[in-house]
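Novice: What follows is the residue order along each chain.
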Amino acid sequence: MRATTDRLHPAHVGWLLVALALVTAPHVERLPWWITLLVGTLLAWRAYITWHALQLPPKWLLFLIAGGAVGGIYIQYGRLLGRDSGVALLVIMLTLKLLEMSSLRDAMVLVFLCYFLVITDFLYSQTIPTALYLLLVVWVITASLIGFQLRLRQPGYRYQFRSAGMLLLQSVPLMLVLFVLFPRVPGPLWGLPQDATASVTGLSDEMSPGSVSKLITSDAIALRATFSTGVPPAGQLYWRGPVMWDFDGYTWTASRDPGQRHREAQYSGAPTEYTVTVEPNSRRWLFALDLPTRAPPPARLTADFQILSPSAVSNRLRYDMTSYPNWIDNTPLTPAEMQRALALPPRSNPRTAALAASMRNQATDERAYVAAVLAKFRNENFYYTTTPPPLNVNPVDEFLFSTRAGFCEHYASSFAVLMRAGGIPARIVTGYQGGEINNVGNYLTVRQADAHAWTEVWLKNEGWVRVDPTAAVSPSRVEAGVAAAVPQGETLPLQLRGEYPWLRRARMTWDTMAYSWNQIVLEYTQDRQRQFMQRVGIDNATWQSLATLMFMLAVGVTLVVGALMLWRLRTQRPDPLSAAYARFCATLAQRGLARLPSEGPLDFCRRAGAARPDLRERIDAISTLYMRLRYGATATADETRELLARVKAFRI
Amino acid sequence: MENPQSIPSYYTYQPPAEISRLRRLLHPLGAPFRAVRRRADRWLFQLHGAETGSIVLAQRRIFILPSRYGMSYVIALLLMLTGSINYSLSLGFVLTFLLAALGVNSILHTFRNLARLRISPGRAEPVFCGEQAQFTLIFDNPGALDRFSIGVTRDSKNDVYLDVPARQSASVHVPIPAERRGLLRPGRLTVFTRFPLGLCHAWAYADLDMRCVVYPRPEAAVVPLPQPETHNGLGIAHGAGQEDFAGLRAYHPGDSPRHIAWKAAARDQGLLTKQFSGRADTELWIDWRATPASLGSEGRLSRLARWVIDAHAAAISFGLRLPGLTLPPAPGDAQRDRCLEALAQFEGGQANDARDDR
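From first to last, the protein sequence lines stand for chains U and L. For the first sequence, position 54 (counting from the first letter as 1) is numbered 53 according to numbering that gives the first Met the number 0, and the numbering increases by one without interruption. For the second sequence, position 12 (counting from the first letter as 1) is numbered 11 according to numbering that gives the first Met the number 0, and the numbering increases by one without interruption.
Any given hint could turn out to be false.
[As the list claims (entries may be wrong)] Negatives, chain L to chain U, calculated, CB over 10 Å: (1) Phe-44; (2) Pro-125; (3) Tyr-160; (4) Asp-208; (5) Glu-218; (6) Pro-223; (7) Gln-226; (8) Arg-248; (9) Ala-265; (10) Thr-272; (11) Ser-296; (12) Gly-323; (13) Arg-335.
[As the list claims (entries may be wrong)] To spell it out: a stretch of chain U is covered by chain L in this simulated footprint if at least three of its residues, at any positions, have a beta carbon under 8 Å from a beta carbon of chain L; those stretches are: (14) 107-113; (15) 560-567.
Hints are computed from structural coordinates only; laboratory data are not their basis. C-beta atoms are modelled at their ideal positions from N, C-alpha and C, and glycine is treated no differently.
In isolation and in its complexed conformation, chain L is listed as follows (with noise of 0.2 Å):
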């Protein structure tokens, strides 16, 4: 079960949040007791690191605590059972053992309906630097009972839900602002429910493999593409492929503002961006040595995504030149996503905790 390597970044860990409460109130008892917390913490909630392949939520891996409803819940219980003996109410008594064993109850219908269910990894479309991530995570439901209000979380801020209905999949995004550029992982996602009365809350953490490639953020300013580089060593053709207008498509994220269809989005047509026929024995070559070094390295690849976007649009056929890099003159979709993700993957990503493996 030990991953000697994943547990580095087990100390990053985020402890859930009906944890944190208790942890505060421990603080003060210092480090070594934090380490043995640590320690516990990871025995108990079997925290080793993101795990290949899909999860099953078993037994061992569903925790499950009264939430804070459940807590107001036990009060009113408590006052209703003074209230029962006080006054010596047969009925009273009933209901609030009714409602306690419903509370019991519920601690039940709140574990079943997390155990069994399989997660999966879905896909991860890249996104820009500063976008939000959407990572897909696919439940299975094996059983013959639906599944409510199944909550994933990463910061226990932003939840999504879903329902997984019977002998069904169900898939739901979840959202994770990419902010820096490189492979992001989601880290240790938390899988939970209150369902069906709120009284409990049971969660489950799920580290998967996966990961979302971040392209640079496309430098905002409007910079001229390179001179291209023509056969036949002609030097002509002056911002070639973006003369010659050639129709529209619709937008894509990334797009340069300059080609948009501006006449046209007033018009209520939606976003759409302009395309202009480039001569196909043009090579254009986005070079990071044609990048000043004042921009710094990050500065210079959000330039380069730039041009890369904006020579896509222009539909230009363009090679990339990086340092120890070098992907040869092609046109299209692939290309670019090619160069981007180049661009992503520069020195391993962006650096400063570049591998967040939280």
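Next up, chain U with everything else stripped away, as it sits in the complex (with noise of 0.2 Å):
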């Protein structure tokens, strides 16, 4: 019956082998290959020598890997305290700390620890497969930390899985409670690493041939928009990110630090009420459809409309928008602005340059030089592909008179560099051209792929007006999207293809879920925090009070569980054969023959017989009947009620 109380089991081992292997996989596909490499020999290692009961290896031998470690992760990631290198940094300790482990002491702090990496998972994916794989991986921890404290029999890994299980659906109430009510504040408490956020692939602030089809191929999700005014249709779903002004012949680029706003538009007919909640693309843009009328708070409205963050949006953002299809932006544009408007590299993309010239000539006025443009790009041979062929020196005149076969951005830099050459001012808009519904959650998803590069031209009367040179190319890429624009055959990322209805549908649904646990979980802020409190009846919370609120939930929550649980502590009632003899031995000690501890059914039958002879019959009946039913190999029903009925009727 002695136990030693903190050797480690094998089984131990083999439970946090496991679990270590289960918490670091996620990081797998982060982490450089040689981390990879050592962590799997590590464990490799470990395994084998639990399997074969040697010797841990020596204390200068894993501080010589660990040293080794530590450098390398240096090497690689130039720090130490990173997100990215601490994480390889803590996989490797705990990994190591695995091959010193030896007693039971230190399999609690590793499992400890592997619930601190189950969070490291989570700086990188916050999605449903995510959260549903880290919570088996909890589960697998929870199971492997009853293991250690079974310190004799050892009743196998489902009684373990079941009552780790058992726990942790037992912990869910009071993790709602706190989830709800733990005051939120807005971090960062301090700053973040470098690399806290994921660099993610979006829009830049620059333009160049390439840049905007490079992102066909990411399936990414940029925003999702739940329209309240109804979906507009897809001509109008332009959504502005950067404008770019400024253009060295090759690149065009936004300016780092655009105007104020100090021009208003007017805007005309019925405006389209959205939210958006825009993926964290490690950039200042808020996207929003053409034109919005306001930016939301703490963002700000540029002078060209663009909306822009105070700090680069590192966390998925929700705001509420409206905007208007049919607007005017004429206010005159100062000095500066024209001058910037019309600005072109000297003595780059000449031929273009003389293109321009020639066409001006012929044109009676803009809109017709601007039909000219958008009519030539429409007859001649121009296509419109995700797959263009590099340009090089003078990619405007390159893309003109030789290769004919762009994406977006080659239209729409060569459409505005004709405008500027003839005389008209235009900037280049990037941002994102249409979207899918989802109707299943009735909202629409933009993704990366749906990247798009158009124009607006300043027209003497008109002010500012909106140009997609594409359209005129390839008008199915505003009406249909850029998957019915392509030809066949090109790269596509799996959603934008057309595909089964079903699994269309099944993919919508998937999406609609996503989305609602981002809103739900994820986006779960101080301000959606207190609006959820006011929902509930609970206006102007204060940290105080959802502590407090907190406090006490979390109290009657626990009381309530654990009145469930000490429920099943309770005795077993006796059953029916039992409590029918008490009674019967009830009777008799009123009569002052009480049953003694030590007598047996038998002794007392006799002891009472022979003191009451008179009852003697009937006790001998009753005492029989139990025997026989108690310690006899059959026992009806019917002997059952019998014996109850006789009970019933002993009187004395």
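Take each chain as given, in its own frame, and dock them per the hints.
Specialist: Here is the structure:
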């Protein structure tokens, strides 16, 4: 019965190996190959040691490996305390600890560190599959924790899993109380490491040939929008992003610090009201349909109607917007703006300049010139493709006169250059065009693959006018999306391809779930918490009132769970047979014939029969029946009922 | 509840490990405070000396505090919470709160693992001084839940564990060194558990009315048995009962090394004791007065114990004379036990905290 308390059972090591492997697995795609290899080798080594009951490696060797790994990580990442390097460090150290672990105490520490490692997975992904996977991992870790406390009998992994599952299930109510009511403060509490947020593909503040078309292969979601006024027609879905004024002959650049809004646009027609949830993009742009009326605070609206957040969008962000599809922005340009909107680098793209000059001469007015250029794109053999040939020194010349195959940025860029060369102020607007309507959740999903570039030209009497040269070449790009516009066989993300209806529906259902998950779980911020509290009738919830309520509810939930748990402890009611016999004995005890603790039913029957000859027959009958039912091989329900009836009738 | 007789025993109590740390911290505050603490402990932990019969671990008897691992767990959770706030990790919050709830839950589970267990005193076989007394505790689990990893300890250094399946009983032997002749009481035992997660330490005190007879340590040196008295005044038969070899039997603790069949032991037959037939009419008196006073009273008792064992091994009929007590001669195991117990209880057990009530 004596147990060595702190010895480590090989099964404990096995559990820890599995837990550590599971918790590390999601990191593998991000870790450098040599760390994955090292961790895999160390885990296998520990498994081998445990399997063959060998000695643990000497401490100096582990220190050597640890030192080497730290050095390697520093060389790999250039720092030790960043997000990626920190995770790498933690994974290595945990694995080495496993090789050093010899007592139950070490194992407990390792388990806590495993729990901690789970949270680092969330730094990279918080999707539903990640959450489910890590819930499974937490289950395994908890099951191994239970195993450590089983000092004698090992009831097996099933028992451990069942108990751990039960424990976790019973923890859910309290977890919900804490999650909903724990006062949220807007993070971060201190400066995050530089690599705190994942670098994501997305629009940048530069546009050169090929920069938009490389996004076409990304099915990552850029934003989702729910329209309260109905989804506008596809042709109006221009999501305005970075606006670029400056061109160096090859690359368009957005200004680092665009001027404050000083222009008023005139809006007309019916407004479009909608809520945008933009995914983190490590840039400052928030996206809105052409043309937004205001920026959601604390973001600001610039003079060219970009919406700029004060800092890079590192978290998913939700904001309400109002846009008007019909607008006029004809506040006169300042001389500086005019100059910027007409500037072309000298001696670049000379053939384009010559072409612009001749076409401008032939056109009667600005409108005619715009129409002529669009007609040229439409009527000559220009191709719309996601895989345009590379362009070199004078990209616009090359595109217009030789390759003639391009994606939206090629058309936008060359159109803007033609406009500027023809004396018409022009700028590039990048953003997204279109999106996929999700019928299940009734919202619009815009992906990186929907990235688009178009132009705006300044016409004297009309102000800024949007012109999308891509639409001239490939009208279906704007009307039906990029999938319809590109030729068959070109690379497209799965989501954008035509597909079976059921698959499409399944995908939309899934995306709707992800969207709800984002809204309900992942964006449960201070504001949303306040909104939720308002909805349940608590206005102006302060952190104090939240904390008080949280505490009270937590205690309540714990009491309820505790009461339910202790309920299972109640002693089992005696079976009807014993209860009946006990009643019989109690009746005799009232007449001074108490059954002694040492007396069996037979002895008691004899003594009672001798003491009360008048009752002897009945006492014998009841006792004999009881003994047969209790100790005999067979007992029928009828006999049990007979005993109950006899005991009931037994009165003195 | 107050049992005045048992209060003095309280003052030698050992505080539970969790409390001794706090107590060390508070030690400089002086005696008045300790007196108050003692009263508080007595009230809080319901320490009233040994209880007769079995005890049921009711709610009021079970105490629970976070274990050392529980503290580490809390620190890990605080780190995770800070990380979640800093990185605005919603799922980090979910995980942190799930684990926090798990911790709270484990308090309930650990408590439940002890609750409603019935502990009854079991037998404790007599031992010789210097051996380990084995106190048997019987645990009854009336409920429908298996109880795992229940520990019993006296000094929080050596602990024994048992599992008590649902609606069953299980017993555990608690080893306690028998350091003094007389009656050994286990004193207050701590029944504890950290199951299922090891984050909490729940414990209850079981001060059961149990005792184990501790015989005097038999003298190690070989001392010849005293002269037997024979009926009819015949003073022959020197060392009778030790000369006619009668056979072998299994070794019992306390048998004289002289009588062990070492040749048999060398043949890997285990320890066997040689038995000699004595003459039935020989009566050996093992007499306190036959031992030299220079041995001291404990030394004299040791020698008497040696003689009792040897005489029993020799299958002689023997009697015991102690000041104020005479056991008439008889052969056999019962006589041996009677005599050894008389030696154990001589003058109420060994002096110097002889009645150890701890």
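Novice: Confirm or reject: L:Arg-248 is not an interface residue toward chain U, with every Cβ-Cβ distance exceeding 10 Å.
Specialist: holds (28 Å)
Novice: Quick check for students: does the CB of L:Phe-44 sit more than 10 Å from each CB in chain U?
Specialist: Holds, because the least Cβ-Cβ distance between L:Phe-44 and chain U comes to about 22 Å, which exceeds 10 Å.
Novice: Per the stated criterion, does the least C-beta distance between L:Pro-125 and chain U lie above 10 Å, as a non-interface residue requires?
Specialist: holds (20 Å)
Novice: Taking 8 Å as the C-beta cutoff, is the stated coverage of the segment 107-113 of chain U by chain L satisfied by three or more residues?
Specialist: Coverage by chain L holds here, the residue count being 4 at a Cβ distance below 8 Å.
Novice: So L:Gly-323 supposedly isn't at the interface. Is its beta-carbon more than 10 Å from every beta-carbon in chain U?
Specialist: Answer for L:Gly-323: holds, closest chain U Cβ roughly 35 Å.
Novice: With a cut-off of 8 Å between beta carbons, are at least three residues of the segment 560-567 of chain U near chain L?
Specialist: holds (count 5)
Novice: At 10 Å, judged by beta carbons, does L:Ala-265 keep clear of chain U as stated?
Specialist: At roughly 30 Å from the nearest Cβ of chain U, L:Ala-265 sits farther out than 10 Å, so the non-interface label holds.
Novice: Hey, does L:Tyr-160 actually stay past 10 Å from chain U on C-beta?
Specialist: violated (4 Å)
Novice: Check the non-interface label on L:Gln-226: least C-beta distance to chain U beyond 10 Å or not.
Specialist: holds (46 Å)
Novice: Beyond 10 Å from chain U, beta-carbon-wise, is L:Ser-296?
Specialist: holds (35 Å)
Novice: May I ask you to check that L:Asp-208 keeps its beta-carbon over 10 Å from the closest beta-carbon of chain U?
Specialist: At about 18 Å from chain U, L:Asp-208 clears the 10 Å cut-off, so the statement holds.
Novice: L:Pro-223: least C-beta distance to chain U exceeds 10 Å?
Specialist: It holds; L:Pro-223 is separated from chain U by about 40 Å at its closest Cβ, greater than 10 Å.
Checked against the numbered hints above, the structure breaks only hint 3 and satisfies the rest.
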